[in-house]
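Undergrad: Since the structure of chain S is provided, determine the placement of chain D on it from the hints.
This is what each chain is made of:
2 protein chains.
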Amino acid sequence: MNRIKAFAPATVANVSCGFDVLGFALDKVGDVLELELLPNQTIIIDPINGPGNLSTEPEKNICGVVAKAMLDALDSKQGLRMKLTKGVLPGSGLGSSAASASVTAFAVNELFNKPFSEKQLVEFAMLGEKLASGTAHADNVAPALLGGFTAIRSYDPLDIIRIPVPDELYCTVIHPKIEVRTELSRNILKKQVELKIAIKQWGNVAGLVAGLYSSNYDLIGRSLTDYIIEPVRSRLIPGYYELTKYALLAGALGCGISGSGPSVFSLSKGVPTAQKVAEAFNEKATLLGLPFDIYISKIADKGARVI
Amino acid sequence: MNRIKAFAPATVANVSCGFDVLGFALDKVGDVLELELLPNQTIIIDPINGPGNLSTEPEKNICGVVAKAMLDALDSKQGLRMKLTKGVLPGSGLGSSAASASVTAFAVNELFNKPFSEKQLVEFAMLGEKLASGTAHADNVAPALLGGFTAIRSYDPLDIIRIPVPDELYCTVIHPKIEVRTELSRNILKKQVELKIAIKQWGNVAGLVAGLYSSNYDLIGRSLTDYIIEPVRSRLIPGYYELTKYALLAGALGCGISGSGPSVFSLSKGVPTAQKVAEAFNEKATLLGLPFDIYISKIADKGARVI
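Protein chains in written order, with this note's numbering: chain S, 25 to 331; chain D, 25 to 331.
Next up, chain S with everything else stripped away, as it sits in the complex (with noise of 0.2 Å):
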């Protein structure tokens, strides 16, 4: 095998109470990743075809960059040569950067013939991270490469955690096309929490994970309330409150904002209510005069994958 396309999910990440904690993965949307062995040592990026303006140098491209560390990992002696499509917008809180790097890391151990772990994919997927953000984080890259809903319970070691979906869980995502760069909402958070609004956090983290566990629904609605990064970075989001009121009028469990936003995203039982809530956020976004794209998923059981 010499060449291969593959795909990775858009992810929400954080899912209101797990903080640089939880993720989980998308259905459909996501990048594409076109992967053509080279018989020399150079890795050549065909320009990106999609929205943004991403770079095509290998050392200042997420997906060069991960697929080099790969290649020197496996002290190869071949290149590649990767057309990628995005799916995911850059900027959309959708995990633009993780699809990406994700895509990478899969396509090129499936090339390969695998001999990386999940968990050393993972951590290749992270270099992409860290070159999109300065943090290489896993929230994102975990869901997109595995599939479902994760935690990361510890980065040092890196501990992954997979955590089973109910069957009628449905997400409605709202993407205002305004850009909201990760730097930024991240430098806005407070560095310091109140220990008492930490214990309510960590509380609604509990019940999350067991309301997954048990398939109870409500439970799980109730528990997605963020006390600590929600207040902050809603200011960056024109409407966030009047779109997340109006979900939950449309019979939405819960919302959140999607990774550092502008995305917003809601959880329902069922697709008619993750319809409902689409309808509620195109006419709430539409009145609010934003630009915007709306997706309703499953919780994709399946992450990167072979197309």
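Some hints here could point you the wrong way.
Where chains are identical, the list cannot tell them apart; a pair therefore holds if satisfied intra-copy or between any two copies.
[To be verified] Taking lysine-lysine and the DSBU-like style, the derived pairs with C-alpha atoms no more than 30 Å apart in a straight line are:
1. K326 x K300
2. K326 x K52
3. K201 x K107
4. K224 x K214
5. K143 x K269
6. K220 x K143
7. K52 x K107
8. K143 x K29
9. K84 x K220
10. K214 x K29
11. K110 x K29
12. K224 x K322
13. K215 x K107
14. K143 x K201
Hints listed in this document are in silico derivations from the structure and should not be mistaken for laboratory results.
TA: The following block gives chain D in isolation, referenced to the frame of chain S:
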């Protein structure tokens, strides 16, 4: 029925990462309360059977306060004679006040033919906690009343989650007989935590809850890590790090401070390991010259009960 005898168990609250949220019930060790219905509106508390110096004045006694609130809520014209036998030592960190409050809430409810819900019983028992420590916390009374492993997701409204426990999970507790007052051990905590530390803590909460649901003993062990409370409170417990080190060497999955201490708990897979941990605790505490009690217990499925 005008008499009842009931039991409520000792409990381990906090459980390392889950400060003020998580707790579980022990087997066998606990408080016993004998209640007798009186024809007039008085509460009489017989001298307390057991160590400690607890008041028998109804308004200064945990059982008295809880019983009075319940009689008032029932608009009862009757009274109660109460005889408490303490099996949980005050100031042990094993939920002494919670055992007394919970056995009262449970027994009064039984005697009046169960007019209150489980949640209401927790709320009544919390009044006893408030009398004892100034704070109406529920992380001991919830497992003391309901049994098993519990999480307090929220106080407003009160939301208690019962988390399943793997069959072979056993607890070994050592109670070094020094007094650590709940109020003091609460006052020495810092009121602010670093966000990055809080994130590690809720990563472990996610891991612990996932480990309990999936019977993943190793994950339970890895998640029993406390970055916030243990570094401060362990100073009040002579030999804390020696005790936990030797418990881990004996095969414990993990360790932590029980409640506000000084008791130290460990969780193990299976009775033989729990016994080895007990031996390690015994040996080390003897070397340290501490007087102590040691208990080995399954995490009790049942909480308060008629005996």
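Undergrad: Can you give me the call for K143 and K29, within, between, both or neither, at a CA distance of at most 30 Å?
TA: For K143 and K29, the Cα distance is within 30 Å only inside one copy (21 Å; across copies 55 Å).
Undergrad: How do K326 and K300 come out at 30 Å by Cα distance, when the copy is not named: within, between, both, or neither?
TA: within (25 Å within a copy, 43 Å between copies)
Undergrad: Checking an output row: K52 and K107, CA cutoff 30 Å. Within, between, both or neither?
TA: within (19 Å within a copy, 65 Å between copies)
Undergrad: Treating 30 Å as the Cα threshold, decide for K326 and K52: within, between, both or neither.
TA: Close inside one copy (10 Å), not across copies (46 Å); limit 30 Å.
Undergrad: Can you give me the call for K215 and K107, within, between, both or neither, at a CA distance of at most 30 Å?
TA: Answer is neither: 39 Å inside a copy and 51 Å across each miss the 30 Å cutoff.
Undergrad: Using 30 Å as the alpha-carbon threshold, which applies to K110 and K29: within, between, both, or neither?
TA: For K110 and K29, the Cα distance is within 30 Å only inside one copy (13 Å; across copies 69 Å).
Undergrad: Between K201 and K107, at a C-alpha cutoff of 30 Å, which is it: within one copy, between copies, both, or neither?
TA: Cα proximity of K201 and K107: one copy only (25 Å, versus 68 Å across).
Undergrad: What label fits K224 with K214 when the C-alpha limit is 30 Å: within, between, both, or neither?
TA: both (17 Å within a copy, 16 Å between copies)
Undergrad: Check K224 against K322 for me: Cα-Cα at most 30 Å, and say if that holds within a copy, between copies, both or neither.
TA: Both, since 28 Å and 28 Å are each at most 30 Å.
Undergrad: For K220 and K143, with the copy left unspecified, which applies at a CA distance of at most 30 Å: within, between, both, or neither?
TA: Between. Shortest inter-copy distance 22 Å satisfies the 30 Å Cα cut-off; intra-copy 34 Å does not.
Undergrad: Measure nothing new, just compare the shortest in-copy and cross-copy C-alpha distances for K143 and K201 to 30 Å and report within, between, both or neither.
TA: neither (33 Å within a copy, 45 Å between copies)
Undergrad: Measure nothing new, just compare the shortest in-copy and cross-copy C-alpha distances for K214 and K29 to 30 Å and report within, between, both or neither.
TA: neither (42 Å within a copy, 52 Å between copies)
In this structure, the earlier hints numbered 10, 13, 14 are contradicted, and the remaining ones agree with it.
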